[in-house]
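Participant: Protein chains in written order, with our numbering: chain A, 1 to 310; chain B, 1 to 310.
Everything labelled a hint here was simulated from the structure, so no lab data went into it. No residue lacks a Cβ here, since even glycine has one placed at the ideal position from N, Cα and C. Any given hint could turn out to be false.
Mimicking EDC-like on lysine to aspartate or glutamate, the simulated pairs with C-alpha atoms at most 16 Å apart in a straight line are [claimed, not checked]: (1) A:K156 / A:D124; (2) B:K181 / A:E71; (3) A:K181 / B:E163; (4) B:K137 / B:E163; (5) B:K181 / A:D124; (6) B:K116 / B:D87; (7) A:K20 / A:E71; (8) A:K214 / A:D235; (9) B:K158 / B:E193; (10) A:K181 / B:D87; (11) A:K181 / B:E86; (12) A:K20 / A:E281; (13) A:K76 / A:D114; (14) A:K107 / A:E155; (15) A:K181 / A:D171; (16) B:K20 / B:E193; (17) B:K181 / A:E188.
Between beta-carbon pairs, the in silico distance windows are [said to hold, decoys possible]: (18) B:R304 / A:L154: 34 to 42 Å; (19) A:H220 / B:A58: 45 to 53 Å; (20) B:H153 / A:V59: 50 to 58 Å; (21) A:T292 / B:R94: 52 to 60 Å; (22) A:A234 / B:A162: 44 to 52 Å.
There are 2 protein chains.
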Amino acid sequence: MSILVVGSVAFDTIETPYGKRERCLGGAATHFALAASYFTQVRMIAVVGEDFTAEHEAVLRRRGIDTLGLEHAKGKSFHWSGDYLEDLNAAHTRQTDLNVFQEFDPKIPAGYMDSKYLFLANIDPVLQLRVRKLMPKVRMVCGDTMNYWISAHLEKLKPVLAELDVLLINDGEAAMLGGVKNTVRAAEHILTELGPKAVVIKHGEYGATGFFSKRIFAGHKGARPFRAPALPLADVVDPTGAGDSFAGGFYGYIASQPELTPTVFRTAMFYGGVMGSFAVERFGTERLQNVTKAEIEERFSLFREISHLE
Amino acid sequence: MSILVVGSVAFDTIETPYGKRERCLGGAATHFALAASYFTQVRMIAVVGEDFTAEHEAVLRRRGIDTLGLEHAKGKSFHWSGDYLEDLNAAHTRQTDLNVFQEFDPKIPAGYMDSKYLFLANIDPVLQLRVRKLMPKVRMVCGDTMNYWISAHLEKLKPVLAELDVLLINDGEAAMLGGVKNTVRAAEHILTELGPKAVVIKHGEYGATGFFSKRIFAGHKGARPFRAPALPLADVVDPTGAGDSFAGGFYGYIASQPELTPTVFRTAMFYGGVMGSFAVERFGTERLQNVTKAEIEERFSLFREISHLE
Chain A
1 MSILVVGSVA
11 FDTIETPYGK
21 RERCLGGAAT
31 HFALAASYFT
41 QVRMIAVVGE
51 DFTAEHEAVL
61 RRRGIDTLGL
71 EHAKGKSFHW
81 SGDYLEDLNA
91 AHTRQTDLNV
101 FQEFDPKIPA
111 GYMDSKYLFL
121 ANIDPVLQLR
131 VRKLMPKVRM
141 VCGDTMNYWI
151 SAHLEKLKPV
161 LAELDVLLIN
171 DGEAAMLGGV
181 KNTVRAAEHI
191 LTELGPKAVV
201 IKHGEYGATG
211 FFSKRIFAGH
221 KGARPFRAPA
231 LPLADVVDPT
241 GAGDSFAGGF
251 YGYIASQPEL
261 TPTVFRTAMF
271 YGGVMGSFAV
281 ERFGTERLQN
291 VTKAEIEERF
301 SLFREISHLE
Chain B
1 MSILVVGSVA
11 FDTIETPYGK
21 RERCLGGAAT
31 HFALAASYFT
41 QVRMIAVVGE
51 DFTAEHEAVL
61 RRRGIDTLGL
71 EHAKGKSFHW
81 SGDYLEDLNA
91 AHTRQTDLNV
101 FQEFDPKIPA
111 GYMDSKYLFL
121 ANIDPVLQLR
131 VRKLMPKVRM
141 VCGDTMNYWI
151 SAHLEKLKPV
161 LAELDVLLIN
171 DGEAAMLGGV
181 KNTVRAAEHI
191 LTELGPKAVV
201 IKHGEYGATG
211 FFSKRIFAGH
221 KGARPFRAPA
231 LPLADVVDPT
241 GAGDSFAGGF
251 YGYIASQPEL
261 TPTVFRTAMF
271 YGGVMGSFAV
281 ERFGTERLQN
291 VTKAEIEERF
301 SLFREISHLE
């Protein structure tokens, strides 16, 4: 069923030990939508500037992504510039130009109102909350955030967290949000104090761990934590968007299933890792634009093979 | 079948956020032997001082460990003092007193000569190599080392690595030994240039990854890397010896099986994680002295449950 995603569509200027790219099509919503598009229909809410051409839109359209909610505004698109020269695991931001995103007031096209799954990609929590309130009838809400919102705008973030079925964050963000370095205790704090019914903590090259409250699986017993692997890769060409691609594979798979069961959630974490592993193989969204369903299934089998006893 | 282990038997003075313990029975060979003792017969080669009493020896004997190879020398036992107050993942050494280990010249009791499995725990590579040469007929050699030997004594370590079927190290040591931060490339370098047929890289709370050369599994196709999980723990009381306990569970299981197959190796990595997870629940070797076979099997099932799709 349809996922509605709100988040950034941007141009990224990226330098890694593998080279440099100027103004690749990027942004959290773009990575998410491309990754999710292999599993289900995706609708986007975002704003772009005059530098976003029909050619860029065609990249999304070719993957069947509904871009009716893509607002075209005067000015330039969101632009991020950064590098991973010192550490492939942590982006070093050189410059962020919000541009058209500064004045963004999300509107939902009428045709999007029947969307059953909502994804709040990493943007200003005020916008995340506004979109959530505009879509009161969705079946499930999943969201991402980042260290900046946790450290500087926690009060704005809290009402968003209270709306989430699943929060996706990384180790550092979990420690910050949970107020403790221990992953289990951080997850406990997030689940009992902040609202999400489940939290998926991403460990980069080591995979991800899901933690669940009793409220998440209706009719199923409370699930134990679950660990999904990541693929050991000799070449991480560009880590930009790996987390958003994980979210796209994860949520896209969930939206393609009739019901959220522990097995569906676990399988979704594997597909998240699969899409993340494709994303980092090339710069920007290059790989995500051209992967095939057969390649995805093959890699899913590989994930199982490298982590299952038989 | 019997494992012969050479390594340190020591007294550890440890401080962690959970408290402080003076002179617990410890050392790499002790942790290894206790963990392995739940799977197979273990024989020890080490030296202890006059402060090592019959009571200490009884701790090993109660687990059926053969201590005939434990040399009693004049002077004090090896003593290590350290803390984990700043970081539970990295020991801060306060003091190391080699004491009787300074003059240690390992001798193999005649009754140990039929041992089929040799474990070279982390000690001076000169001693590791000497023991290896004294046991030319073993079926398999597995070993550990640490950053100190890699950075300051690589030339002494290299002939040891050349003798190993399996090398067990952590992420930092792998990067040091492989000369590159990427785990896959570091493992490749170790397997192709340094001699081990397999390397198990331990990621602490994130589990471990095994990498294999084609030479490891006779009659089986070269195996893909394998990722085993670690248990998400709310309380890590004392990380001392976690790696040695992993090695004990891992190698103990292998020695209990008729043949080394990819499935045996993978299962062994799970048992390694299981024994490591017990070790850190209490100070020193306290937990490893009193775990039961039933608890081990129960935890093994839990490891499978938290990492397998069905």
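Participant: State for each hint whether it applies.
Facilitator: Hint check:
no.: 1; hint: A:K156 / A:D124; result: 9 Å, holds
no.: 2; hint: B:K181 / A:E71; result: 43 Å, violated
no.: 3; hint: A:K181 / B:E163; result: 39 Å, violated
no.: 4; hint: B:K137 / B:E163; result: 12 Å, holds
no.: 5; hint: B:K181 / A:D124; result: 34 Å, violated
no.: 6; hint: B:K116 / B:D87; result: 38 Å, violated
no.: 7; hint: A:K20 / A:E71; result: 29 Å, violated
no.: 8; hint: A:K214 / A:D235; result: 39 Å, violated
no.: 9; hint: B:K158 / B:E193; result: 10 Å, holds
no.: 10; hint: A:K181 / B:D87; result: 10 Å, holds
no.: 11; hint: A:K181 / B:E86; result: 11 Å, holds
no.: 12; hint: A:K20 / A:E281; result: 14 Å, holds
no.: 13; hint: A:K76 / A:D114; result: 31 Å, violated
no.: 14; hint: A:K107 / A:E155; result: 24 Å, violated
no.: 15; hint: A:K181 / A:D171; result: 9 Å, holds
no.: 16; hint: B:K20 / B:E193; result: 42 Å, violated
no.: 17; hint: B:K181 / A:E188; result: 32 Å, violated
no.: 18; hint: B:R304 / A:L154: 34 to 42 Å; result: 38 Å, holds
no.: 19; hint: A:H220 / B:A58: 45 to 53 Å; result: 48 Å, holds
no.: 20; hint: B:H153 / A:V59: 50 to 58 Å; result: 54 Å, holds
no.: 21; hint: A:T292 / B:R94: 52 to 60 Å; result: 57 Å, holds
no.: 22; hint: A:A234 / B:A162: 44 to 52 Å; result: 24 Å, violated
Hints 2, 3, 5, 6, 7, 8, 13, 14, 16, 17, 22, counting from the list given before, are not met by this structure.
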